[in-house]
Amino acid sequence: MSTRQFGARVQRNEDQRLVTGKGRYVDDIPLTGALHGAFVRSSVAHARITGVDVSRALALPGVVKVYTHADLGALDVQMPLLIPHPCITHGRTQYPLARDEVFHVGQAIAFIVAEDRYIAEDAVSLVEVGYEMLPVEVDFEKAAEPGAPLVHHDVPGNIAAHLVQESGDADAAFAAADHITSIKVRVDRSTAAPMECLATAARWDEVTGELTVWDGTQAPIGLRGALASLFELDEHRVRVIAPDVGGGFGPKIHFPYANEVLVPLASMELRRPVKWIEDRSENFVHMTHERGQIHEIELAATSDGTVLGLRNRFLHDTGAFIPYGIAVAQVAACQIAGPYRIPNVRVEFSCVYTPTVPVTPYRGCGRPQANFAIERAMDQLAEELGIDRFELRRRNFIQPEEFPYTRPNLIFADGLAVTHDSGEYEKALTALTDALDLAAFAKEQREAWAQGRYLGLGVSFYVEGTGLGPYEGGHVRIHPITGKIFVNTGLTTQGQGHETVFAQIVADQLGARVEDIIVVEGDTGVYDWGVATFASRAAVVSGSAIHKAAVLARKQVINAAANMLEADPDDIELADGRAFVVGSGTAGVTLAEVATASNPLRYAFNKAAQSATQFAPAARSDGPSLGEGAHPGIEATDYYSPPHATWAYGVHGAIVEVDPATYGIKIHRYVCVHDCGNMINPMIVEGQIAGGVAQGMGGAFYEKLDYDEDGTLRNASFMDFLIPYATEIPHVEMIHQETPSPLNPLGIKGVGEAGTIPVAQVIVSAIEDALKPLDLPPFRMTPLSPSLIHSHIAESGNRG
Amino acid sequence: MKPSSFRYAVPTTLRAAIDIRAASEDSVVLAGGQSLIPTMNFRLANPEVVIDLRKLDELNYIRVGGGMVRMGAMTRQRVVEEDAEALAANPLIRETLTNVAHPAIRNRGTIGGSLAHADPSAELPTLLTTLRGTLTAQGPSGRRSIPATEFFEFIFTTALEPDELLVEAAVPVLEPGEGWAFTEFARRHGDYAVAGVAATLLVGPDGRISRARLGACGIATVPALLTECEELLTGNAPGDELFAAAGQVARDAVTVSDDSATTKAYRRHVLAGLVERTLKTAMTRVGVPR
Ligand SMILES: Cc1cc2nc3c(=O)[nH]c(=O)nc-3n(C[C@H](O)[C@H](O)[C@H](O)COP(=O)(O)OP(=O)(O)OC[C@H]3O[C@@H](n4cnc5c(N)ncnc54)[C@H](O)[C@@H]3O)c2cc1C
Chain A
0 MSTRQFGARV QRNEDQRLVT GKGRYVDDIP LTGALHGAFV RSSVAHARIT GVDVSRALAL
60 PGVVKVYTHA DLGALDVQMP LLIPHPCITH GRTQYPLARD EVFHVGQAIA FIVAEDRYIA
120 EDAVSLVEVG YEMLPVEVDF EKAAEPGAPL VHHDVPGNIA AHLVQESGDA DAAFAAADHI
180 TSIKVRVDRS TAAPMECLAT AARWDEVTGE LTVWDGTQAP IGLRGALASL FELDEHRVRV
240 IAPDVGGGFG PKIHFPYANE VLVPLASMEL RRPVKWIEDR SENFVHMTHE RGQIHEIELA
300 ATSDGTVLGL RNRFLHDTGA FIPYGIAVAQ VAACQIAGPY RIPNVRVEFS CVYTPTVPVT
360 PYRGCGRPQA NFAIERAMDQ LAEELGIDRF ELRRRNFIQP EEFPYTRPNL IFADGLAVTH
420 DSGEYEKALT ALTDALDLAA FAKEQREAWA QGRYLGLGVS FYVEGTGLGP YEGGHVRIHP
480 ITGKIFVNTG LTTQGQGHET VFAQIVADQL GARVEDIIVV EGDTGVYDWG VATFASRAAV
540 VSGSAIHKAA VLARKQVINA AANMLEADPD DIELADGRAF VVGSGTAGVT LAEVATASNP
600 LRYAFNKAAQ SATQFAPAAR SDGPSLGEGA HPGIEATDYY SPPHATWAYG VHGAIVEVDP
660 ATYGIKIHRY VCVHDCGNMI NPMIVEGQIA GGVAQGMGGA FYEKLDYDED GTLRNASFMD
720 FLIPYATEIP HVEMIHQETP SPLNPLGIKG VGEAGTIPVA QVIVSAIEDA LKPLDLPPFR
780 MTPLSPSLIH SHIAESGNRG
Chain B
0 MKPSSFRYAV PTTLRAAIDI RAASEDSVVL AGGQSLIPTM NFRLANPEVV IDLRKLDELN
60 YIRVGGGMVR MGAMTRQRVV EEDAEALAAN PLIRETLTNV AHPAIRNRGT IGGSLAHADP
120 SAELPTLLTT LRGTLTAQGP SGRRSIPATE FFEFIFTTAL EPDELLVEAA VPVLEPGEGW
180 AFTEFARRHG DYAVAGVAAT LLVGPDGRIS RARLGACGIA TVPALLTECE ELLTGNAPGD
240 ELFAAAGQVA RDAVTVSDDS ATTKAYRRHV LAGLVERTLK TAMTRVGVPR
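So the protein lines, in turn, are chains A and B.
Heads up, the first sequence is in numbering that gives the first Met the number 0, so the first residue is 0 and it goes up one at a time.
Heads up, the second sequence is in numbering that gives the first Met the number 0, so the first residue is 0 and it goes up one at a time.
One or more of the hints may lead you astray.
Under the rule of at most 30 Å between Cα atoms (straight-line distance), these lysine-lysine pairs were calculated in the DSBU-like manner [stated by the list, open to error]: (1) B:Lys1 - B:Lys54; (2) A:Lys665 - B:Lys263; (3) A:Lys442 - B:Lys279; (4) B:Lys1 - A:Lys64.
It should be emphasised that the hints constitute simulated quantities derived from the structure, not laboratory data.
Please read these numbers as outputs of a predicted model, since none were measured by experiment.
In isolation and in its complexed conformation, chain A is listed as follows:
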């Protein structure tokens, strides 16, 4: 019997390719005779365009075409609001190219197509744009105040959307409380900074009338739909391929970006392949941002620390447009109560327009902000009530027997009330406190303080609704010639390891080797039903769909093999790439033989085909060679549609030391306890966690997009916008806890975003704990730079 692959630390199928430089990204697609594009982008935040003079650019040798909005014809339309919601009273989205007004620095105004990128960039500087400046307010808190300059003249108060949700009766809980605490916290604006920036290449095939688009996207099927609609092409004539994609993290799912319209358009009009590869400078002012939120949160508690109610009001900076709807704010709102029972919750948010790059989800998607708010508030409540912060959390956890735990009327992104499916929160916290040895730490901390050293411990508990629907499909087929198994799904990978985990799931059903399973995603020419990669949903939704398809394929294999071996299906076993009769000691038939025999037309191309004929027929049919309802070969498709989100969770803790001379932070230990249900591949889970924690470190220490008051992004390069190097990331100790989800056949929950969510609070609370002897007010912002720590101390009247 083969060992079970689900749960094993299988080496990644994709790594041979990806780590030896053999990955193929959009820029690696060889397109003979390709033209290259470059965008003219707004240099100002908000202005009326008084004129765009492209004549000098057009005159430059090597420039083939310059597009402005006036050249777009039917494409000069507002781009879709992808996820509408009734609370969006003033939805505004971008045009492919700005018309008579620009709304943020970096907005595309013109698209230049030239013989190479050098010439295209030369031409960019020759386009003259006349601006009539309009007033701006970049700070989203001020932008929401009465009288602030408007981003869109017809959107009063800059408010795109406003939503109030209430679960239980918050005011009644506050009236009954012994103690109320409130805190206002801010999470700064950030960018996902994927290694590969955006990229689009397109080829229009004159002969077949087909448009092929290679795009660094997380949503090829969505983009295919958008392009079919914009260009009025039948779906089968638009093929979108996401080849290897160098990191996604959310912002690569915003179809269509200007490039996703202009590059295909140019290739169709100019009858030549066109390529556009975004550079880092553009990426900072073009690819969507996230994180900016300001939360006011209040907790109502009894004197023993039972939290009765929560009220949360927050502002969400949506940038200049709201193409993705309220997703980020809604997700934040739904995780604001964290792992705590808190029966009465009112959460209210406004999405505020600012003249800045639009905001769409970035790994974590509102959860890091919500986690920072609730966990800062819990720390403060513990302090005020004189209850140990771990104990306070314990007293409020949802208990194992309370699952499924629903927060009625708090509606998540899938349109359903928040329902935590399963978990053992207290057990996770205990695992953390055991690992950190609180008693030993307390002693160490006292000694450190006595020596003038600042040692502190931080903690954060997160929950994460993952695996959102509506559905994904799985397709499994055994190649008759090679006997390898070909697996497809509609969402796509950006390096997470789909080619391995999906293969593991199929391997268990078909008794095949993981390396003999080929997973192909991200090509609408191969498989085109499905949604996209986001919300830590690939393993949960596609994994379950692929599992279901593999179960069907397994049945086909067993029936065919039983026929071929003239045995009872119940006696057929699948292992090591073969089907055989249990306990017979005979070799049985290979999967290739089964697949070949299952196809009534077979040429004797190879051994498998020749030997297949030596067995009895795979199908028992007296009539035509394909019986009614039968299909050739071994092939199955199935779908999985989750009843609602699965709720992963975890708790991170760190021991840090603050250097009082520099306020530099040294992380002595970082421990992560997490639960993503059953793990398909613990090694891949650990990779996701480690990467997430690293990205979270960025959020905790560095990631702050720094707009000046005119709306210019001051730190639009990796020299000034810092992301952590490997040298800044501590070793992450991981403790796995597996509570199966009852919602899907494999019992899994998502893990892609988990690592990122709690890190800011872990670090900030650790710093706060370390500096206790200075008796400071709480830290209320992230990221926290050494200079900010210094200012915080100085402002509190302390030394500095």
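Model the placement of chain B with the ligand on the given structure of chain A, informed by the hints.
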């Protein structure tokens, strides 16, 4: 992020390089490219001619003698860092270089490139200034020496004439028993520092400091000499209190104003702490045979 088009020259002699430079209206010299290439890709510099110095073997050397360590302008930073003779003569050079960026960048980055670039946050200009080193320039009218304390004029601005190339940098060897240290604080490993401090300490037979040299990067428009610290230290017996006092004296040397990520008050705080720390480390090396 593509540079505008330029002509490219790779002279094999210094003479030829100087001639090309004199003949071109708008040229830049390319050393390791670690600062120049990004500025060209950002199109902040759009030169007509790029003169690549990589084939000038005559500018690639380390010579120790006559009380000086002399480094040719095209010597890679990493080569100097790993040079045993330079280490024996002046270990502060290596300690300073290990704080410059990352090994990959030091593999290409040159001594001359860093000095000619004259970033006041950079470590090498601070080393040259602190040790009162000497820079040698060469142009059509010949060679001349410029004291480091006069070479750096402003951010990215040096005393080099437009037709001159930097050909050599030299720092004195350390005295036997002289203590030394370089420390800095950067937000990430290898970044330009918030502040950095170079120091040497010589203690006389009477147990008092007979010579203290201190300089700092990241705090002014040029690499800064901390002369008030030097004066405070000289003639006094070394000790933690004296070093702490030197740190406090150093605070006023910070002249850069607040930027969006770092306040002036914070930079002062860091400088004070670093001065104290650097002196303590230097002191542990005083009198230690090398
Ligand atoms: C990610 C990164 C991090 C960095 N961090 C640091 C750091 O922490 N500290 C630090 O000090 N530096 C840092 N640097 C800069 C690096 O040290 C560069 O090597 C150095 O500043 C320039 O050296 P270069 O040889 O590459 O010069 P180039 O980039 O080739 O030239 C720099 C300038 O000097 C001029 N020039 C070069 N040689 C001569 C010459 N012989 N005569 C006249 N003019 C000349 C050039 O024309 C140009 O204007 C960093 C660079 C990077 C990319």
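Results for each hint:
With a C-alpha separation of about 25 Å, the suggested pairing of B:Lys1 with B:Lys54 holds against the 30 Å cut-off. At roughly 23 Å between alpha-carbon atoms, A:Lys665 and B:Lys263 fall within 30 Å of each other, so this suggested pair holds. As the CA atoms of A:Lys442 and B:Lys279 are separated by approximately 29 Å, the hinted pair is consistent with the 30 Å bound. Simply put, B:Lys1 and A:Lys64 have alpha-carbon atoms about 19 Å apart, close enough for the 30 Å limit, and the pair holds.
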